[in-house]
Amino acid sequence: MIKGFGILSSGMSAQRERLDLVGSNLANANTTRTQEGGPYRRRVAIFEALGDDQNPSGVAVSEVRLDQNPGPVVYDPSHPDADADGMVHMPNVNVVEEMVDMMTASRSFEANSQAFQTLRDMVSQSINLGR
Amino acid sequence: MSDPVNLSLRAALDLRYQRHEMLANNLANADTPGFQPTDLEFEGALQRELAGGTAALARTNPAHLPAPATTGSDSELQNTVERPDVTDSLDGNGVDSDKELARVADNSLQFKAALEVLRRRYGVVKQVLTDMSRV
Chain A
0 MIKGFGILSS GMSAQRERLD LVGSNLANAN TTRTQEGGPY RRRVAIFEAL
50 GDDQNPSGVA VSEVRLDQNP GPVVYDPSHP DADADGMVHM PNVNVVEEMV
100 DMMTASRSFE ANSQAFQTLR DMVSQSINLG R
Chain B
0 MSDPVNLSLR AALDLRYQRH EMLANNLANA DTPGFQPTDL EFEGALQREL
50 AGGTAALART NPAHLPAPAT TGSDSELQNT VERPDVTDSL DGNGVDSDKE
100 LARVADNSLQ FKAALEVLRR RYGVVKQVLT DMSRV
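Protein chains in written order, with numbering that gives the first Met the number 0: chain A, 0 to 130; chain B, 0 to 134.
By construction, these hints were calculated from the structure, which means they are not laboratory data. Ideal placement from N, C-alpha and C gives every residue a C-beta, glycine not left out. A portion of the hints provided could be inaccurate.
[What the hints assert, rightly or not] Simulated crosslink set (BS3-like; lysine-lysine; CA at most 27 Å straight-line):
1) A:Lys2 <-> B:Lys98
2) B:Lys111 <-> B:Lys125
3) B:Lys98 <-> B:Lys111
4) A:Lys2 <-> B:Lys125
[Claimed, not checked] To list a few chain A residues with every Cβ distance to chain B over 12 Å, as calculated:
5) Ser8
6) Arg32
7) Val73
8) Ala83
9) Ser125
[Unchecked claim] Non-contacting residues of chain B with respect to chain A, defined by C-beta distances greater than 10 Å in every case (computed):
10) Ser7
11) Glu20
12) Leu22
13) Pro61
14) Glu81
15) Thr86
16) Leu89
17) Val127
Let the hints inform the model, and build the full structure from the sequences given.
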């Protein structure tokens, strides 16, 4: 009936998914082994707008992409994953960048939740009109 | 109960809901690359909504407010405008969350105002009914 709630919750869940990926990236900032081989690759959420101008329907995470930029290579011969020259391929996760992403996502989440609250007030006021 | 003033207040409330929906969509897409925010051109939309119902109620004086069409709220949004706040963002997104939130607050306040007028109009009717039952 009231589509605004759906739109705003889609915004909140998209930001939450983005925060999950930030968490995964931070947790794996030093991971050199993965199932697909090689160091961990940074995960990025790709957002996609749903609906059109006449029929706005919110947002969704359309895919999770692996950041293909090369990570740093450090010299550490004692590391079990070092190659023949003693170099270790590290994940392409930049911790500072992830923190910025985390703050942006959490602010966007807040904005959606604020508008949600406002809509809730509007609806409850209209319901009280009959009193 | 359905005099032109009440009907136009109702149309205004409907449009406030619709505008909130569009602003909500802008906020939800504040991080979507290439997304351009939309807004409802409220005055134009209200005029259109009110003009839709002229067949239902005859106007004997041009100063009279026309009544809205009964199916008004389900009609397609005609007064949608694209309104980017940010034009030089790297990912082509045109949403400024702060301005969007300010619009949400403004819209909800205007909604409240229209609702309050409607509430008082109903209050008068209620008062009359209560007093009548006392006699």
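| Among all the numbered hints in the text so far, which are the ones the structure does not match? | Violated: hints 4, 5, 9, 11, 12 and 14.
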